[in-house]
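Colleague: Residue-level listing of the chains:
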Amino acid sequence: MSQTQPVPSAEGGEVLLEATDLARHFDVSKPWLNRVLERAEKLTLKAVDGVSFTIRRGETLALVGESGCGKSTVARLIVGLYGLTRGRLVFDGQEISDLARRSGRQSAAIRQRFQMIFQDPYASLNPLWRVGTIIGEPLRFFRPEMSSVDRRRRVGELLEQVGMSAADANRYPHEFSGGQRQRISIARALANEPEFMVCDEPTSALDVSVQAQILNLMKDLQQEYGLTYLFISHDMAVVKHMADRIAVMYLGRIAEIAPAEALFATPHHPYSRMLLAAVPSLEGEGRERTTIEGEVPNPVHPPSGCAFHPRCPHANERCRAEVPALIARSDGSEVACHAVEEGRID
Amino acid sequence: MGHKPDGEREPVLSVRHLRVEFPTRHATLVALDDVSFDIAPGEVLGVVGESGAGKSMTGNAVIQLLEPPGHIAGGEIHLAGRRIDDLAEEDFVPLRGRHIGMIFQDPLTSLNPLFSIGDQLVETIRAHLPMNERQARERALALLREVGIPAPETRLDSYPHQFSGGMRQRVVIALALAAEPELIIADEPTTALDVSVQAQILALLKRVCAERGAAVMLVTHDMGVIAETADRVAVMYAGRLIEIGPVNEVIRRPQHPYSEGLMASIPGLAERHERLYQIEGAMPRLAAIPAGCAFNPRCPHAVERCRIERPELLPAGAGQAACWLHDPENPVARRDAPRDTQEVTR
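The listed protein sequences derive, respectively, from chains V and P. With my numbering applied, the first sequence covers 833 to 1178. With my numbering applied, the second sequence covers 3 to 348.
One chain only, chain P, in its complex shape (with noise of 0.2 Å):
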């Protein structure tokens, strides 16, 4: 990985822009628009929404794994100084498990029931890596053992089926790494496990990705997995990116009514409330993106202009947020009256 001249290094995967749309027979829809963010080699970047918020689309967009209809409409995206959103479909296969490694969220279906997992493990390593059968599965057991599988030469012949959840997200994870590829995504990656075991592989995925300085991009609903591995986050909504910032800083002082609403919408363990503070109404479907900002129906702040102009991220705190009430030269009022008394101090 060079270092520009400037001495900053150069970010692994860098999103510009990017927009992507559906076309459908009635309209087209946006199911992202807009969206830029970076990540630094050996960083974890967060990215959290509700479903529909566009964070699984920003993944698949990235690996260029959408769904058709829906394609890249605009932006670009670089992965390690080179553009990769405009390479073919042939161009882009070597990319995928070499340079990008993916985790998804079920492990049994990301596994193939046919084959055991020694072939699997050999099968990517081959593919990837100039290797013979025996080195190439010398690797696949000094993976196995890496990922915390116990006893991996008598598991290389077993099946994912023999495998328990957490045990085959392991796998999972050691097929990400074969091929040591520079940026690991990784969407909802412990969402079907237990929370004793998603403890467990979330300090796997950040010890290795840190060992080996990949970058992470760790797509997940859940604010706690988030505050626990990542070290930047960044909050999706309706297909925008409204806040991104150091992880402490979105998850203590929100910047975005949006985050704001959401971190305080969380039980915590700490203290109890009588009730939850509850953002009203829904967020808006994909065919109903209201004008302006996209949180302005249900936002308390809302004035005039939010209902017209979209903001732009905006320096907010010591990240970035999309919302009037930063901008810089005529910020939007706060109104504090229609919050309940729950206060927002996490």
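This is chain V alone, in the form it adopts within the complex (with noise of 0.2 Å):
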């Protein structure tokens, strides 16, 4: 798999990113001397483990899940914040997969043309500057032969691009609510004018009606400067909102994954049909919620085969045993389950 043209993917669109058989594993192991004394095993939490997909010049893909699936996990490999235990990442015909090893000037090439935002908007702001020198850094950073002059009128830009003022580069992140927050960070990463965005629940610390202010901006911004958005979320409706495409997580793989429209009108994976099912319907009646049975098992000790089958109503003795693997269906979506497969379910 050595590309160094970018290929036209099946839909047309030039594939952007693409991540083959992501590994991410932490030790969480006891310290060395209580392992000796309490003859503990070493444990391993495989936060991320064969994770696949490529995303398309200009589309959102969205992962959800579960607390502990994985899906942050994945956003910081992506960008390089957390090294990769296995796999490969290529963006735009150049593999990054060593990023998270390379130093900050070595890979500064290719690490403006992604960016990340992060959910939430208080911890991501150094709270000691001033907004324009947080706005400013990356431009500092990759553009040091930047005047200061230039770099002022640039902020004063992006500030504005985000809906805020060019004179609130003199004031401090706590004098600005949530939401103008979140814009702050979103023109921050504009800085560099990047082709890839990483969000990683970039609304949910916000209330719903700064919520559709901030998905408003990203989505005109994407128009605008025609981003691809990788976007993160556990919030189905703002998922639906926001994808063309869809990743469904559960316990660091995915179960499915296929585009939007196919996936809320005919989800394939049993995870898929529950975790849309949960969603509360503001429309009320019409669509009883039905509940998902136990929880999200223990990362550290996934259940064997399935990872879903000790909550699936379809597993047999083959979903206890045997992984399943991404299987391409003819409506264009990519399901991993045995029942599926097998046609036990449609």
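By construction, these hints were calculated from the structure, which means they are not laboratory data. Ideal placement from N, C-alpha and C gives every residue a C-beta, glycine not left out. A hint or two may mislead.
Chain V stretches covered by chain P per the calculated footprint, using a threshold of three residues with CB under 8 Å from any CB of chain P [unchecked claim]: (1) 1031 to 1041; (2) 1045 to 1057; (3) 1068 to 1082; (4) 1103 to 1113.
Both chains are sitting in their own frames, so use the hints and assemble them into the complex.
Modeller: Next comes the structure, spelled out in structure tokens:
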């Protein structure tokens, strides 16, 4: 799989990011002495274990799942905040699998092409810096030749692009509300005109009316600059609003990946079905909310075979023994489920 | 619970013109301003609003857990016909747990990590009910069974950290129910939980309260949760109650322009619009609540009167809304022009 040229995919758009068999394991064992004294085994948390997907230029791929399913870990692997335990990442034809080990300067050329927006706008902005310094930092790093006058002008432009005023550059983060801070995060991410943005639950900490403002802003920016998004969320309604394609994750693996309309119309994987059915509906009557039995198991000791089998109404012997692989279906979705593959459920 | 002579059931909780103030060095902040509502036995009243709207403050004022220097500065609170807002702390203590149960957002902080859940349940039961250790333990077992903890005999001696998030919240519900209180205040009971577990917990809360005829005040920012669980809903904005009515009415035909905008800004599963409706601006800070109607600077229909005169709760649709659009004598005319193309039909 050595590609130097962008490969056109089935649907025409050129592939911007290709992730193959991503895995990230964390060592969660007790300290050495305790292991010796208590004869405890080494423990590995497989936060992400064999995740593959592609993202085409200009599209929004959403990762959804419950807490602990590994969606945020995937985001951090892509931007190089975590190193890969296994797997390969190719961004626009260039291998970036070792990004986490490269120093900032070495990888500057590639790093400035993608950016990340974090969930918590209170933790992701330095409280001691003025907003102008925060937004100007990526410019100072990636474009050291830029004069401070030009930089100030650019920061002002960025603030106006995200619906704030250029004068806000002189204020501190604590003077702003959660929604405004998330706008500042977005302005910082936009500073170097990235092509690709990894958004890790960008609106989960915000109120619904503010969430609507931020989601609209993100859509406008995507249209204006042709941005590509990896959008991570646990909220199915938000995902439906934003995504072109959706990957449903469960315990470190992708259970189903499908175009957004297809997933919401006919979810195949039993977990996707339950996840959709469990979303509280504003319409209230008409659709009975089914409750999923049980909870997400501890990822340190995941169930054998298909990790979902203890909660799955269709599980059989094979599901308990054998890990299902993603299998493409005719409607453009890929599903990792033995029952779907065997036609036991459709 | 006695019946009034006119046949109307006496409300469990009756709040009249409640006002909560926070004196600060510069000014006295009014955190709750003229809030009035009733909750009938067996009824679930949802209280919604964005952060800072005063929804948690209302719950805390009822149970007298306001953070100093906050205090009740006016109005009355009656619990089952008895005035409770003027009780001294030592007279109020016996009410907590016995007559008013409390469920908080984070089950890990409302359980003591140093005691087994059996001990915590037994302690709570014996503090409120005349039972010996053995009877209390029996009752604790029955409660755990009722809230759906599998094999409660084996879990009684477990510590909170040995439970998953959903199971912990079940234990907290068992604790809140231990003394059969007439009123349960549930403050964001499912916000820390995953969507699949959320459905289980809400169904449980609703069932056990209905069986006991306990009234529930459900404080949440999640309209989906309200739509499924509540009988009536109260919408709060800037410390004021701006609309109250049957849940389906408020969601489908909101009467106050703020509720209308709020409902329209929620992304839905049923339909997909290119843009979400957004209410411009942000909720005012407590130090800068505008004169007249607090929503007037953001309201598409606001006229001069809204900037001067504060509207009372007026009959509107099947409920009440604090908006001059519904003034029976001289209603303000709706202005539909500034609306986005998106309709507000839910």
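Colleague: Among all the numbered hints in the text so far, which are the ones the structure does not match?
Modeller: none
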